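Heads up: the sequence lines are chains A and B, in that order.
The numbering of the first sequence is this note's numbering, which starts it at 189 and goes up by one.
The numbering of the second sequence is this note's numbering, which starts it at 71 and goes up by one.
FYI, nobody ran anything at the bench for these hints, they're computed from the structure.
Note that the coordinates shown come from a computational prediction; the quantities given were computed from them, not determined experimentally.
There may be inaccurate statements among the hints.
Chain A stretches covered by chain B per the calculated footprint, using a threshold of three residues with CB under 8 Å from any CB of chain B [what the hints assert, rightly or not]:
1) 189-196
2) 206-220
3) 338-348
4) 424-435
Using N, Cα and C, we set each Cβ at its ideal position, and we do this for glycine too.
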Amino acid sequence: MVRFLGGLVGLFFAGMLLLSFIWGAVSYVSDPPAATAEHEFHLHPRQIAWSFNGPLGKYDNAQLQRGFQVYSEVCSACHSLHQVSFRSLADLGYNEAEIKAIAKARQVPAVDPNTGEATTREGVPSDKFPLVYPNDVAAAAANNNAIPPDLSLMAKARHDGANYIHSLLTGFSEQPAELLRKFPDAKTPEGLHYNPYFANLNLAMAPPLTAEGQVTYGEGQPKPTVDQMAQDVSAFLMWTAEPKMEARKSTGIGVLIFLIFGTVLAYLSYQNIWAGKEH
Amino acid sequence: MSFPWAEHYTPKNPVMKWVDERLPLPRLVYNAVGAGYPVPRNLNYFWNFGVLAGVALTIQLVTGIILAMHYAANAGVAFDSVEHIMRDVNSGWLLRYAHANGASFFFIVVYLHIFRGLFFGSYKAPREMVWLLGVVIFLLMMATAFMGYVLPWGQMSFWGAQVITGLFSAIPVIGEPIHTWLLGGFAPGNASLNRFFSLHYLLPFVIAGVIVLHIWSLHIPGSSNPTGVEVKGPQDTVPFHPYYTAKDGFGLGIFLILFALVLFFAPNSMGHPDNYIAANPLSTPAHIVPEWYFWPFYAILRAFTMDLTIPFTGLVIIPAKLLGVLAMFASILLLFFLSWIDTSPVRSGKYRPLFKKFFVLLVIDVLVLGYCGGAPAEEPYVMISQLAAAYYFAHFLIILPIIASIERPDPLPGSITEAVLAKSKNKNDAVDAAPAAAAAE
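Extracted from the complex, chain B is given alone in its bound form:
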């Protein structure tokens, strides 16, 4: 599709020839995930997670569509209809646990996919569009997951909906009307549940559509690779099929094993027990927490405890709650600008000694934020999340541009093939050196 040396589709089977002449679908598949897509030969296992995210979405679509056949989106019966699925629908427990844990696994692979991109500079030219569409997918996933969590109409569903839609009421003047408009009432109720169900069914297909664009835009420059050095010629690539289909097949096996371990042996480990209590508007849970994949952002939201005021006058310019909301949205939206914030011409973090150190800090920082977001809003968690959130913003908006201008990158390999051959030469040298060293003694 992208490179001049990509193999062109020539159907051997007369049926395929007939189809391809009328609808070039076989050609599209061949160019997208077949032998017609040349891919750098040096991709490591971190390049498996895009395919795995696609598989996770498929699992969610299939289980979700069947669950929707048995679920009733009505505040009076939603909770009981989920229990009906768990008890009386054939393999209903399997469908529901697969869907609930499938959401968690979708986020796990997408987070790994995102951090792969952050480390190896996948957001840099000429792949900015791939990254931008990826952030759009991430936002859509978050919206879908949030609305899906409301559907069982348990305590956390109800109060989570209350808190998250309540964020919009922090907007001055128009906040309250927007809040009421989103919920279809003054508090989460039947109207909210119905619209969330409708959108929860719609958005995954929107995600699928944006994924098509994401992959399309990826195929224009072709996949990046761990060295960050662009493909220079056919010797640098292998055809996607069978090389990467085989590697992805192995990665998929590992993914499914881990998924099955949680799904069959600890299916409630990633959920909150309170969601097995039916929604009760009169009883607020002790700690309202979202699902684990929102914890880092929830920590940022709660980290703002001080209003922005004009000093010595006490005039509040921005109340703390609004600051938290703005920061939470900013923490994701800043990813849209990443391609232009990090101006280092070197893509891969492998050759960026300073960047590498700060990247490790960022990973730890996000894990700390996640931990604090899941903890109750008490000290010392609030103070820790304030420091961690400050680092999060500083990392992307201040530190990255500074690194880009002061860092001295390590020398890059001349080409992908050169890097690959150097690596295997080192390996062989090490093997040869061992007996030589033994002989020398």
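Just chain A, same shape as in the assembly:
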């Protein structure tokens, strides 16, 4: 009885699926899905040889500091970093006085101790980076209805994050003539910017890094080309997204050495105990 009923259920589901398949295949052949500009012109990020690639890779503190500079002077006009606290900048090699100065230069929300009204005060190292806009409505109003996302986790919130950010920042271009010829309807709308690395090709953000020397790097640092600035800020955002990466990797090496040693011992004791026992 179980087998009979089961067989009926199986025939029913398999039958419906085969019908669905035939129906789908017929419409696929007779009316193939139209190609889209996204499908044909979207590009995967270019691969950069980051210092933090690989199981032993570490952050390059000089690069992170340059990236922080790019963030502060360019990105932070619109993008917040609200998961990151000032004190964690110590990871980048800043000393206490420098961190205090960085925090002090930023106003964070506070309550006026005399009136109880909302106000702001100078930041201290234990504060997090303040929001740029008081809320999403204000952010949208100031940016042609597109809300600039918080960047704290951006490098983990996109596939291949650091490469993606670098490619996106350096990938703005004119719309290719071929695209417009093939997809006349896909013209980049007014107020958006063509970028083949962005999922739907048209991005609200204008190219933020446009000229060499837009940010002035300190003595002994590489030339601030657009590509260099984009790499530096991408590395910095990888750090904001994964600040514990170095601890993670070094712990991992120790754990692996311990586990391999333990597993060899376990294997030897397994062989020893089973010796002479055919199995």
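Got chain A sorted already, so can you dock chain B onto it with the hints?
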């Protein structure tokens, strides 16, 4: 515990004697995982995965309980509290990555454990109850994992909850009220997050309880083995301890090495990047996909694209969405009936030439379903998953009973010991034959 020749517990240490007389816990441990449990001597490495699943559950319990000390189940702060764990809690990143990847590894070992059972016929008499309880554990795991994935309150958490609870709204008439009741609202919100957290904390202990029953029922007939031939006497078995504790120890080492490789060097490789974006009810992700371990079932859900209608009238009997939901649940529930669907008296797939071929097809089929479930709902993935899902149902519900009645199994060994000795004899013959062949030339 089970066999008459099992060694009986006689405490040597006076303290143990004292305890055992008052509470026979030492006896229980001795009989369950000690020298008092005789186990077939020929188990291969596929028999390691039960113990590994137990270890994986333990890792989840320990890391989860500590994470719960730092996590805040409130829709306003849940996402930030996870980032607080990642940044400010001592070794918080380790706990969270261990818990998130631990779930994946739990499913990896459980899937291997299930396929071991499917190939070696572990679901057949007299172990039906072991199998039934195993399917219950699997269902509880899926519920727990789904609710756990909602807790970080990222984009995939939110939209995954929306889609999966939305499945219930496909039920006619009472579907919508059930959907609202499950979520505690019309869309995932604070009420949903709180109840999911509560249940996510509860269910692992329910799983632990069912595991006790699973092992208890296993100890009545004793473990199966790769030949599928029952134990005939003491020469066929070895005591669980030290033989299988040693073998499991080695297996555990390999498991932990693989786990550590992912946990420390690619901790986000099995997650979706969108879950690092805070939940936003106003912005739907381009592709909503569950975690990888649900992909085969997700593919079955999405494979139904045609309503069941009365031909030429256009009357819809069952809409496609409901068909998908029914099929998805059926794809798991059919496992409950497996012991009675596959009536072949031979347990082990080793001695079933026809079954073996279809088993390989099933493995490929489930992998294909998994791939399609993770891909966007576009052609050709939908068509591939339709064929693969059709095979999935046909395999269990049509092909297995047919094989059972037409197949001519290979001859079975007389006993486990006979199989073991034949195997080592072949090995020795091969070693002896090599120099002999060389000499002949």
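Do the hints match the structure? See the list:
Figure legend: the stretch 189-196 of chain A, annotated as covered by chain B; annotation consistent (4 residues with Cβ-Cβ distances under 8 Å, at least 3 required). For the stretch 206-220 of chain A, the assignment as covered by chain B holds, since 8 residues bring a beta-carbon within under 8 Å of that chain's beta-carbons and 3 suffice. Residues of the stretch 338-348 of chain A with a Cβ under 8 Å from some Cβ of chain B number 6, which satisfies the need for three, so the listed coverage holds. Against chain B, the stretch 424-435 of chain A contributes 4 residues with a C-beta closer than 8 Å to a partner C-beta. That satisfies the three-residue criterion, and the hint holds.
Against the hints set out earlier in the document, no violation occurs for any number.
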